[in-house]
Amino acid sequence: MNECRRPVLIVEGDGDQAAVPLLVRRIAADLEFHDFMPAPRPKKAGSIPKLSRIGEIERFVRHAENEPGSDCVLIVLDCDDDCAVQVSKDWANRLNKSKFGRNKPIAIAFIVREYESLFLASAAELALSTPEREWQASQFPPPENAEAMRSAKSALKNCFKVRKYRETIDQAPFTQACNLSTLRLHSRSFRHLESAVKFLYTSKITPTQVYPQAP
52 MNECRRPVLI VEGDGDQAAV PLLVRRIAAD LEFHDFMPAP RPKKAGSIPK
102 LSRIGEIERF VRHAENEPGS DCVLIVLDCD DDCAVQVSKD WANRLNKSKF
152 GRNKPIAIAF IVREYESLFL ASAAELALST PEREWQASQF PPPENAEAMR
202 SAKSALKNCF KVRKYRETID QAPFTQACNL STLRLHSRSF RHLESAVKFL
252 YTSKITPTQV YPQAP
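Here my numbering is used: the first residue of the sequence shown is 52, the next is one more, and so on.
Please note that the accuracy of each hint is not assured.
Okay, derived cross-link-like pairs now, DSS-like style, lysine-lysine, Cα gap no bigger than 27 Å in a straight line [stated by the list, open to error]:
(1) 215 x 204
(2) 95 x 204
(3) 255 x 140
(4) 140 x 101
(5) 140 x 94
Please keep in mind that the hints were generated in silico from the structure rather than gathered at the bench. Computed from a predicted structure; not experimentally measured.
Make the full structure from the sequences, and use the hints.
Rendered as structure tokens:
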């Protein structure tokens with residue numbers, strides 16, 4: 052079999068190392084890609100500005116491609132103040148021109164602006180599934196506006212009374228509890244990540260264009 056089924060993930064921080072694989076597994080299950088399973092030990096790579104330095108994104112992709120048993124690479128990072136479209140184009144061009152990082156399919160999916168924007172988009176469902184946090188519905192932003200907020204973490208902290216949001220503790224459980232149908236409706240970032248998973252699942256283990264393709 053030469054299909055892509057075991058992506059290595061490149062993520063930003065500690066909380067992402069647990070949450071992003073969980074989200075990818077949930078997306079794959081929802082799409083009935085039951086044999087699509089992220090490799091263990093996602094590569095913690097830091098922020099977009101760090102990886103945009105000369106040679107950095109190429110180095111991390113090369114490292115990810117060397118992971119035993121992996122057959123593709125999926126990059127999932129917070130976009131913060133960067134432009135997701137422009138950085139995707141720049142990185143795709145760099146990786147396509149590089150001598151390295153061309154052995155396996157690569158997909159790039161940015162979360163605008165923070166991973167927590169997914170939780171804001173699904174806050175109503177999260178409130179039902181985690182009532183112990185005493186969510187305050189009056190503080191929920193409109194779900195379609197979640198990605199426009201610069202500090203999703205701060206907005207999320209105002210949404211419940213019991214204990215402030217802590218990324219390394221809450222990110223994975225909230226990822227498990229959020230509603231995928233709601234995210235698909237209100238989060239462009241989620242739809243793009245879902246498209247990246249579809250791209251990898253339908254790709255062969257050969258050098259291909261990086262997704263999304265740069266013009």
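Outcome of the hint check:
no.	hint	verdict
1	215 x 204	holds, 10 Å
2	95 x 204	holds, 20 Å
3	255 x 140	holds, 22 Å
4	140 x 101	holds, 17 Å
5	140 x 94	holds, 22 Å
Every hint from the earlier list agrees with this structure, and none is contradicted.
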